[in-house]
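Number of protein chains: 2
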Amino acid sequence: MKKKSNRVTITQVAEKSKVTIGTVSHVINGTAPISPEVTARVQKVIEELNYIPNMTARSLRSKKSKQVGFLVPNLNNSFYPRILSTFINHAFEHEFIVQIFGYEYSVEKELQVMNNLSSNSVDIVIIINGMGDEAGINRLLDMHKKVILADRFSDMKGVNCIFFDNNQAILEAVALMKSKGYRKIGFISEPLTFTNIQERFAGFQAALSACGYAFAEDDVFICGGFQLDALVNGYHYMSNILEKRDKKHLPDAFIATSDLLAIGTIRALREHGYQVPGDFGIISFDNIEISSFVNPRLTTIEQNQTDMGTELFHLVQAISENKNVSDKIILPQKLIIRDSC
Amino acid sequence: MKKKSNRVTITQVAEKSKVTIGTVSHVINGTAPISPEVTARVQKVIEELNYIPNMTARSLRSKKSKQVGFLVPNLNNSFYPRILSTFINHAFEHEFIVQIFGYEYSVEKELQVMNNLSSNSVDIVIIINGMGDEAGINRLLDMHKKVILADRFSDMKGVNCIFFDNNQAILEAVALMKSKGYRKIGFISEPLTFTNIQERFAGFQAALSACGYAFAEDDVFICGGFQLDALVNGYHYMSNILEKRDKKHLPDAFIATSDLLAIGTIRALREHGYQVPGDFGIISFDNIEISSFVNPRLTTIEQNQTDMGTELFHLVQAISENKNVSDKIILPQKLIIRDSC
DNA sequence: TTGAAAGCGGTACCAG
DNA sequence: CTGGTACCGCTTTCAA
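Note that the protein sequences, when read in sequence, are chains P and H. At position 257 of the first sequence (counting the first as 1) the number is 257 in my numbering, and the numbers step up by one without a gap. So my numbering is basically just the index in the second sequence, starting at one, shifted up by 1000.
Honestly, the hints are just simulated from the structure, not real lab data. Cβ coordinates follow ideal geometry from the N, Cα and C atoms, glycine included.
Simulated DEER-style distance windows between Cβ atoms:
#, chain 1, residue 1, chain 2, residue 2, range
1, H, H1236, P, Q168, 31 to 41 Å
2, H, S1106, P, I330, 29 to 39 Å
3, P, K157, H, I1337, 53 to 63 Å
4, H, R1061, P, I21, 15 to 25 Å
5, H, D1246, P, D279, 30 to 40 Å
6, P, I21, H, N1138, 21 to 31 Å
Whenever a hint applies, use it, and build me the whole structure from the sequences.
Encoded structure:
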């Protein structure tokens, strides 16, 4: 009849240690000065019983959960999993639990998730990218959740932002194109919905004029459709363009807003008989792992995903300890020169 | 002084509805026959107050949480995020919350995570791959958690398994190599720690003899080192081999246990001046998205990640509703013929 | 059909 | 330093 190996509770520990549950709680949390003897006794019992505090009870009472909600656009572009990967490792190390949600680039779904999250146990919510979700963010704030916006700029008060500097490296990129003799530079991009993409577009225009190139609306290519699959989209999009415009009427170099987009684009280019970087040079953003394993190896503007993950966690940690942190954290980008330009 | 927009509780709803909290609970959960009038009144108040039940309190009391722990090797190989992606979407749809953990191919860490999980609020734990963790699984079972093993076979009782049929497609793959005239087939693999890899190795040997090839221990290449980065590992590993053995002493075709491994391998091959599929044919496993965008496009054995994610969720759903489900679910693999062989 | 009350397993406050 | 105890917000008997 001793089959029911149910969970050990603090009460059992208290009884076996001949103290009250309050005391046990104190030795566990260090919330009161307990004598060395009692401390040792209690700890011994904890060991013996293999007692682990019930997180649910703990957070019900303390209103703190060490749980963070992590909201990503999706998990297919390896950019996000890389950030997440680093983050969850730090989190585990420090006993934070991370709940994961994907909003699939949909505002509606993003809002739904936020609504959901506002009634749930997390006390910090991280949103990567996202837009048009201010109502949701305010809701979260009302419920006393902390919110962190990543890879995104915002002026909302009460939220922390962490994002890449989208202006510096693109200047180097355009300068590189110039030095390689490319005549005209186009911009091939995902829809300009997220602030990071908007910034890149602005940075692109600035770099163009800084390097003496003219900006032509005609050479901006916004690759529509779902953002779910940049790889496939980039491929179809460029294939389409090549059906309609020949090389003469196209830029001979492109800044692409993501590596995946670039890889898709390059495949389309090659299938139409063009060489990269011979006929067209391409520099993209991200530096995901595969970038150095495709042909040609991508020249790309790195946004260090590991750094982002780590910084994000530091932020979470600081916030949950009520430490003072800067509202805005800016991470550098870095031009990685390989073969595509 | 009405600033503290704190969360609405069931007590407030009860007071405003002039009933007791028990009654409110019953109308929310349908756990007792409440009169239409009272039901309507309570629901109206719930609307007005925008009341959302506190999940923490609810699960403390009911010992059910609709939370599932999802344990993956890591998030860098896009195989896992793809499964996860599908899973979290289904989960969200049905109001399940998923906590994510990465064990980074380390048994120790896997055990740590499990230990952690056993004291936490999840009631179902999904483990993808993993090994040597039977103690952890039993611990989970002791704590009355359900456990699901994915992409892995096990005979442990009380756990559900869902995995791919690792025997059929590889036979087709080897037959294809035969028909293309490849003379000798090697096996380039990650360490044989996981059951899926072991099965592939067995399937490989069976396929070899079925197609009239001889098996040579010498042509089995186990790519050691960390499994974290198959791409980089495959590259270094094959580079090394090519330093020591020339084409004559090597198989002219390879079965690789993952696409990433194959992509790394192919780069090494090409850097040494070899053509794929001219000099060497390669067929790998997974069919991750990038597989059709690298050069050459990979001929690969698809393991449908979306299907795995979906099936996994169905399993979770069935288990959490105490429905009867088969202990073992087998998913088919499928040979996708492209250019690498 | 509804009310009353006992906890779930902890934390935190107050006494002594 | 340690004990006692009132909750956290909800579910779940048990009575009425």
